Amino acid sequence: CPTVQQRTRRLTPRLIVARASIGFTEKKEDWREVTEIMKQHARQDVQELAANALLSMAGGEGETSPTGRWKDVAASRRSALEAKYKEMWEAGAVEALIQQMERWQDSVHLQEVGCQVLLVSSRLAENQVNIVQAGAFKVVLASMRAHKTANLLQEKACEVLGNFAQEEENQVKVMEAGGVDEILAAMLSHEESAGVQASACRALRKMLRMDKVRGFMAEGDRVEVVLRAMERHAGIAGVQAEGCGALKNAVLAKAEDKRMTVKVGEGGGIDRIIAAMLEHQDSERVQGQACAALRNLSRDQATRGQVAWAGGVDVIMRSMKRHEGSEYVEKRACGALSNIIGSDAQLAAHIAEAGGGRVLIDAIRRHIGSADVVAQACGALGNLALSNETKVKISQAGGVEAVAAAMHRHEDQARVQEKAIMCLGNLSVCEELQVKIVQARGIEAIVTAMRRHADNMAVQRVASWSLYTMIVRKSKSMWGGTKKSVNLQYKDRLLGAGGRQAVKQAADRFDRGSDETWKARKLLHLI
Numbered sequence: 001c002p003t004v005q006q007r008t009r010r011l012t013p014r015l016i017v018a019r020a021s022i023g024f025t026e027k028k029e030d031w032r033e034v035t036e037i038m039k040q041h042a043r044q045d046v047q048e049l050a051a052n053a054l055l056s057m058a059g060g061e062g063e064t065s066p067t068g069r070w071k072d073v074a075a076s077r078r079s080a081l082e083a084k085y086k087e088m089w090e091a092g093a094v095e096a097l098i099q100q101m102e103r104w105q106d107s108v109h110l111q112e113v114g115c116q117v118l119l120v121s122s123r124l125a126e127n128q129v130n131i132v133q134a135g136a137f138k139v140v141l142a143s144m145r146a147h148k149t150a151n152l153l154q155e156k157a158c159e160v161l162g163n164f165a166q167e168e169e170n171q172v173k174v175m176e177a178g179g180v181d182e183i184l185a186a187m188l189s190h191e192e193s194a195g196v197q198a199s200a201c202r203a204l205r206k207m208l209r210m211d212k213v214r215g216f217m218a219e220g221d222r223v224e225v226v227l228r229a230m231e232r233h234a235g236i237a238g239v240q241a242e243g244c245g246a247l248k249n250a251v252l253a254k255a256e257d258k259r260m261t262v263k264v265g266e267g268g269g270i271d272r273i274i275a276a277m278l279e280h281q282d283s284e285r286v287q288g289q290a291c292a293a294l295r296n297l298s299r300d301q302a303t304r305g306q307v308a309w310a311g312g313v314d315v316i317m318r319s320m321k322r323h324e325g326s327e328y329v330e331k332r333a334c335g336a337l338s339n340i341i342g343s344d345a346q347l348a349a350h351i352a353e354a355g356g357g358r359v360l361i362d363a364i365r366r367h368i369g370s371a372d373v374v375a376q377a378c379g380a381l382g383n384l385a386l387s388n389e390t391k392v393k394i395s396q397a398g399g400v401e402a403v404a405a406a407m408h409r410h411e412d413q414a415r416v417q418e419k420a421i422m423c424l425g426n427l428s429v430c431e432e433l434q435v436k437i438v439q440a441r442g443i444e445a446i447v448t449a450m451r452r453h454a455d456n457m458a459v460q461r462v463a464s465w466s467l468y469t470m471i472v473r474k475s476k477s478m479w480g481g482t483k484k485s486v487n488l489q490y491k492d493r494l495l496g497a498g499g500r501q502a503v504k505q506a507a508d509r510f511d512r513g514s515d516e517t518w519k520a521r522k523l524l525h526l527i
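Positions 1 to 527 (full-length UniProt numbering) are the ones given, in order, by the sequence shown.
Hints listed in this document are in silico derivations from the structure and should not be mistaken for laboratory results. Incorrect hints may appear among the rest.
To be verified - Restricting the straight-line Cα-Cα distance to at most 25 Å, the calculated cross-link-like pairs of lysine to any residue (SDA-like) are: (1) K484 <-> E431; (2) K258 <-> E168; (3) K39 <-> M175; (4) K254 <-> S189; (5) K522 <-> R409; (6) K321 <-> I368; (7) K258 <-> F216; (8) K212 <-> G305; (9) K321 <-> A371; (10) K148 <-> G92; (11) K84 <-> G60; (12) K173 <-> R232; (13) K138 <-> M175; (14) K138 <-> R222; (15) K39 <-> A75; (16) K148 <-> L188; (17) K491 <-> V435; (18) K212 <-> Q281; (19) K258 <-> D282; (20) K258 <-> M210; (21) K474 <-> V392.
Nothing here was measured: the structure is a model prediction, and the numbers come from that model.
Let the hints inform the model, and build the full structure from the sequences given.
Next comes the structure, spelled out in structure tokens:
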């Protein structure tokens with residue numbers, strides 16, 4: 001009895017790829033067989049079936065994760081699929097497909113399925129560069145221009161461009177080829193299609209990481225296209241998540257260029273982001289992207305007040321409570337609260353009154369193993385500790401112990417150490433809290449950070465300042481001025497932890513005339 005493979009080889013090319021398209025074959029040699037058929041039999045019907053076969057053999061495109069990110073798909077499943085994508089490329093199937101898409105540009109079916117194949121194969125990072133070099137992005141853009149009314153084609157083409165835009169080099173190529181214009185054109189032509197809007201916003205989110213694209217989008221009413229998509233499809237989580245993601249990157253322009261931040265604020269973008277969070281409270285993806293958008297918007301001093309008074313603080317804290325187990329949401333939410341507070345005592349008091357301190361402390365405890373969450377939460381707590389009242393609330397909620405524990409857990413993470421030390425320093429301005437900090441071995445943790453991160457000026461600066469704040473007491477002199485004295489108990493703790501050497505190293509390592517190490521030199525003199 002002939003084997004399945006022998007029987008398959010006797011079939012016509014059309015039947016071979018038809019069988020492959022329903023998952024009949026999945027071996028490496030079968031990729032090559034379908035590829036050879038594509039090269040040898042140029043008929044349109046064969047090419048369409050071959051594209052179907054490639055998509056089926058690659059496992060389709062239906063892999064998702066709660067965050068919507070490919071890297072968050074289960075590792076075992078992702079590994080198996082990536083092995084297929086690699087085999088597909090090595091067999092020459094993708095290059096053959098690109099050539100046939102260029103040849104049969106009038107075939108909507110071939111273009112649609114071809115874009116789906118390019119989409120899945122470009123999930124593998126090493127494939128992306130090869131696929132772009134093979135001219136795929138030009139073929140995709142040509143397909144979008146030739147079939148402007150084809151809904152599914154526009155949706156998948158935008159998704160492909162989003163995958164291509166992972167690397168800056170590819171972003172430049174897509175931008176220069178008119179890719180951003182085509183994405184916006186697709187959104188305008190298919191305003192009722194949630195699929196097109198979500199895919200287009202996703203592509204823009206990737207492209208907007210580049211300054212040149214941000215400048216381009218800031219002109220005219222281009223960003224309003226994204227806002228309209230979010231308004232029209234308020235009930236679709238995918239559109240809201242990707243729309244928030246696009247806005248998140250759109251406002252990342254250099255500090256002096258506030259055009260996009262102003263456009264988003266004045267165009268109702270803040271209200272739209274908050275509305276998305278309220279509408280899709282259970283969506284981890286929406287909450288994470290929305291918090292990140294509010295975080296980036298709140299880098300601007302004028303905008304952070306708009307975010308806070310529009311209800312941003314309440315929805316962020318609600319999101320943190322609802323998604324308390326999600327590192328994806330928590331780190332972005334903590335960053336948003338940190339930026340909203342900034343150095344505004346009124347906003348700090350508002351957030352503290354709403355229970356922000358406890359929410360941030362809970363995030364540290366629950367995600368103590370995540371350097372990203374811990375750093376953002378410590379930074380937010382440090383900003384929150386602007387008044388004695390908020391300092392006491394943080395202390396009563398266990399903030400000192402949580403921050404000290406984070407420092408001990410992440411001794412090698414400079415960003416965690418910097419933010420945590422700044423938080424302890426701000427808390428120690430209140431002398432009543434210094435005892436708690438010392439009991440939590442805060443002095444020892446700060447000295448350890450100085451030794452481990454001797455080359456990091458940010459760590460050295462905040463560490464020297466925080467130690468100075470704890471060691472040096474200030475009181476009114478009999479002449480009405482300020483008298484300084486050294487807390488001998490804390491000084492002994494500092495010296496016992498090797499603090500003299502650490503402080504001396506900080507004072508000597510950097511420019512003696514620098515303000516960065518002024519506190520280190522003052523502290524060294526006192527001890």
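Would you mind confirming whether the straight-line C-alpha gap from K212 to Q281 stays at or under 25 Å?
violated (34 Å)
Holds or violated: K148 to G92, with C-alpha atoms at most 25 Å apart
violated (29 Å)
Would you check the hint for K138 and R222, treating anything up to 25 Å between C-alpha atoms as holding?
Holds, because 23 Å separates the two Cα atoms, which is no more than 25 Å.
Hint check: K84 vs G60, CA-CA at most 25 Å. Holds or violated?
holds (11 Å)
Does V392 sit within 25 Å of K474, going by the straight-line distance between their CA atoms?
holds (20 Å)
So if I understand the rule, the pair passes when the alpha-carbon distance is 25 Å or less; does K148 with L188 pass?
holds (10 Å)
Checking one constraint from the list: CA of K39 to CA of A75, max 25 Å. Satisfied?
violated (34 Å)
Please verify whether K321 and A371 have alpha carbons no more than 25 Å apart.
holds (19 Å)
Could you grab the alpha-carbon distance between K522 and R409 and see if it respects the 25 Å cut-off?
Roughly 30 Å between the alpha carbons, so the hint for K522 and R409 is violated.
K484 and E431: Cα distance at most 25 Å?
holds (14 Å)
If you draw a straight line from the CA of K138 to the CA of M175, is it 25 Å or shorter?
holds (11 Å)
Within 25 Å, alpha carbon to alpha carbon, are K258 and E168?
This hinted pair holds, its Cα atoms lying about 23 Å apart.
Hint violations for this structure: numbers 3, 4, 5, 8, 10, 12, 15, 18, 19, all remaining hints satisfied.
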